[in-house]
Structures are given as structure tokens and as C-alpha cells.
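S.K.: The primary structure of each chain is shown beneath.
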Amino acid sequence: MLILECPYCGVHAEETELSPGGEAHLKRFGPGSSEDEFEGYLFVRENPKGVHFERWRHAYGCGKWFHAARCTTTLEVFGTYPAQTTEPPKDIKDKISAKRPGWRWRDFA
Amino acid sequence: MRRFSAFAIAREAVRHHMGWERHWRSPAPKKKYDVIIVGAGGHGLATAWHLGKHYGITNVAVIEKGWLGGGNTGRNTTIIRSNYLQDPSAAIYEKSRSLYETMSQDLNYNVMFSPRGVIMLAQTHHEVRGYQRTAHANALQGVKTEWIGPQRVKELCPIMNIEGPRYPVLGGLWQARGGTARHDAVAWGYARACSDMGMDIIQQCEVTGVRTEAGRVVGVDTTKGPIDCDKLGMVVAGHASHLADMAGFRLPIESVALQALVSEPIKPCMDIVVMANTVHGYLSQSDKGEMVIGGGTDGFNNYTQRGSFHHIEETVRALNETFPILSRLKMLRQWGGIVDVTGDRSPILSKTPVEGVFVNCGWGTGGFKAIPGSGFAMAELMAKGQSPLTDEFSMFRFREGKFIDESVAAGVAH
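Chains as they are written, first to last, in full-length UniProt numbering: chain C, 1 to 109; chain R, 1 to 414.
One or more of the hints may lead you astray.
[As the list claims (entries may be wrong)] Short derived list, chain C residues pointing at chain R, Cβ under 7 Å:
| no. | residue |
| --- | --- |
| 1 | Glu-39 |
| 2 | Val-44 |
| 3 | Asn-47 |
| 4 | His-52 |
| 5 | Thr-73 |
Everything labelled a hint here was simulated from the structure, so no lab data went into it. C-beta: ideal position from N, C-alpha, C; glycine also.
With these hints in hand, go ahead and build the complete structure from the sequences.
M.R.: In C-alpha cells, the structure reads:
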């Protein structure tokens, strides 16, 4: 069972206490955007076999959204961090680099 | 290929069963094929078989990373039905269901198709309206289904408690010609027939790259060396995004684990298939007597093929009210498979931005029932460049907003 630490309240919450929210760091597009941009934003998803960044909500706890860095093949959790950011913090990226050298996810590496 | 028949059984009986042969050859890959299909699951093998049968294309290789039929083809709950809401879905699933009826004869392989009937339970008023709507849609599509009341449900499935306090049975959508088939036999039967047509089935051969020249596919790199091809079909379910990445395009697909479990074998007590979407479970009894129970999907992307305990608990807890006899059963085995889910819960059978590359994926939680129809349509698409069955299932439909929205009709149990 997946256990994630909520970066706000510090609780080590298990899967049933959390709601998954899909891909993290999506760039949102509004009126005037191209069809490509809308399709990418609304439907096309990163679906990596390995390092993945996603949104979670501590639904049956503090109720806040946060981000998690996780491996989709081993379910290993590299770390969690607050949602008020457009890219993963450096310490999380370093942690991933130590365990999965050469990883890439969208524009991050 | 020596054909199976009553005579063959008699012949082998008198010579100590020494004359049975291997079902398919395991050749080393050739340098070049007309068509390479990646993925020797049901859909991939069915595509290859239909390419040979209808279009005479037999210089075909089916490449498989693991073993034949070892992915979702061997992990599903073997339910076959075609009671979908939208016209394009009904067309391809009904084609598929009708092909299952003659599959054993077509392949000369007993796939044990059992049209025992499938009922989709309505346990909320929302579902009552939804399934009545589907029944009307099916009548217009020429798919034989009917809306039945709770008493008829009880007659069809006496072990069901229709008066549960939380989830009373309010009726159901009944498809009498739906049912089950032996999932492994479907893959084995296709593989045997493909091999007999001269196609090469290459197992334990992982595709590591897709080679293109000027926007056109020229071959694949594999763990058994490079293999050239004119056309490439990607039929790899949960790994569709992974393979698309190698070819340089992206798909509107997310891969999640879907799990199922079986109970200890008991005496025959249920001779139909029941799907209960409100409680996220679907149930049938195998010929061995095990109750085969399908559960829900994980909510997050993963490739672990194992599922999680709390989903098992959710599934069996919810089923207990509707099927009280399950509460005393021990569960024997549990397993998971990686399903490829699209935004509108409908599959993708499509050309791709790379010339000569075709993709067949996104069947999500309901691919087994579609195997022959999907193979039929995909073969037509690959051979002729167009198929009336796949027109609506293009990967570009999301950009155009032309969804085939089955999430309401199918819910989680697909």
C-alpha cells in the first residue's frame, strides 16, 4: 500500500486517506490557445515507466493538495512537496538523480 | 498443422497421444517483414490472423516481450458483451461478440465460448435510467439486449439478494448472447492459426526502439537485433505510451493497475455473468467452480501488475450484500494487470503521426471482449489504410472534440 507524507501536516498517510489527482505541473491554456495546446493540456498525459510527478490531495486529513515524486514501476516514493510551485524542488530532483541517474520527465531532469 | 477433431482424439488415443504437435513454431526473426505487430496478446494475434485471412498478408512477425498471452489477455475476467451506449462502440463490440460465436470453428481451436448471458445490475435510480437508455440505444443499433425487472433478475440469479438495504437491485440490462470464453485459448488458438499461415511469433523479444526515415517507419530495434518492416502495428495495451515514446509521439493514455481475484471452487451456483457497477464488482463462476471476481482500478499511474489490498476489501465488502453466500468463501488468488485508459474510456485504433505506424490501444478495463472485432478492424485499417469500424476511434478525436463517451455507460467495470 502506498504511503505518502503530507508536506503540510506531516502525517504519513496511506492510500485510502488520499485522493490521486493526476499529472503534476500541467501548464494551463486559456482562450486564444491553439488546438495542439488545448489537446496537450486536456488529454495528452505523461505516462512514464519510472519517475513520475503527480498531484495528490490529503482528502481525509488536512484536505490540501500536494505533489509527489514516485516511481511507477516500483511504487518507491522519492518525496512530496507543497503544490505552490511550477517545478519540483532541487532536493527532490537530487534525491531522484541519486537513485535513478539520467532520469527525465517532460522538461525536468 | 494437424487439425483437431473427434477423429484426431480417437487416433491419438490408440497411439498413446504421441502424435500431438507444438501449437506454434518459435523461429528466429528474419531480417525483414511486411508487417510487424508488437504485442502477442489477444489483440495483436487477432490483428495478425485477420491480416492473413482477409488480405493475404502473411509475411508477418508478432513480437512479444514476455510470453504469449501473458499480459492482460491472461489476466482478465473473460467477460464478453456488446451492450454499449454509443454507436461506434456498439458496432465494433457487436462485431467482436458475433466473431466469438464462430471462433472455435474459424480457428479449429476450442475457445470454450459460453454465451451464458450477461446482466448489468442497476442498484441506483441513476443506473436504472442509464441502462434503460442503453437498452433503447441497443435496439436502434441492432444489438439484442433488454431491460428486466428485479424479479426476473432473481430468477436468472437465485443466489442474489435483491432487497439489500444499501444496494437494492432495481433491475438490470440483460444481454442473453453475452458470456465468457477461455482467455488463454483465444490467444493460443490465434497463435496456432497464425503460425500455420507462416507468420513468425517471436517471444521474449523486447522492442527497444522504433527506426524511422523521413517520417516513415523502416523497422524496430529489439533485444534479438534490428528487424525491418514496411508497416508497424503497436498493440501493447498498458505499454502503449512507452512504445509511442520510442516512435516520437504522445498518446492520451494513462496506465493503471486493474485487479481481479478468484475464490475457492464451489459447486455450480451461478450460470450467468453479473456486473454490478455501483459496488465496483463483476462476478461469474468458472468451469472449475471458482467465483471469478473483478475489482476496481487504482487511481494512480503504475506498471506494477499487482493491485492493492484496500481495493480487494472494497470489492468483496460491497459484493457481500448483494451475494450473501460469498461472505463465507475463501479467496484463492489475486492478480493485477496494467490497463491503458483514455479520457473518454473508448479505445484508439488509428494511424499515427509516423507514416506506416498504426496503434491499437486504450481498451482500458474491457479489452478481452473486443479481441476478434479489434483484430478484424485493425487488420482492415493496416491493409487498406481505412476501416469503417475504426474511423471514429482515431487518436486525433480528442483534438477535434469527437469523443466516444462510454464512461457513463460502462463506469468502472467495462
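S.K.: Each hint: holds or not?
M.R.: Results for each hint:
1. Glu-39: holds, 4 Å
2. Val-44: holds, 5 Å
3. Asn-47: This hint holds: Asn-47 of chain C lies near chain R, its Cβ roughly 4 Å from the closest one there, short of 7 Å.
4. His-52: Holds. Min distance 6 Å.
5. Thr-73: Holds. Min distance 5 Å.
Comparing the model with each numbered hint stated earlier shows that all of them hold.
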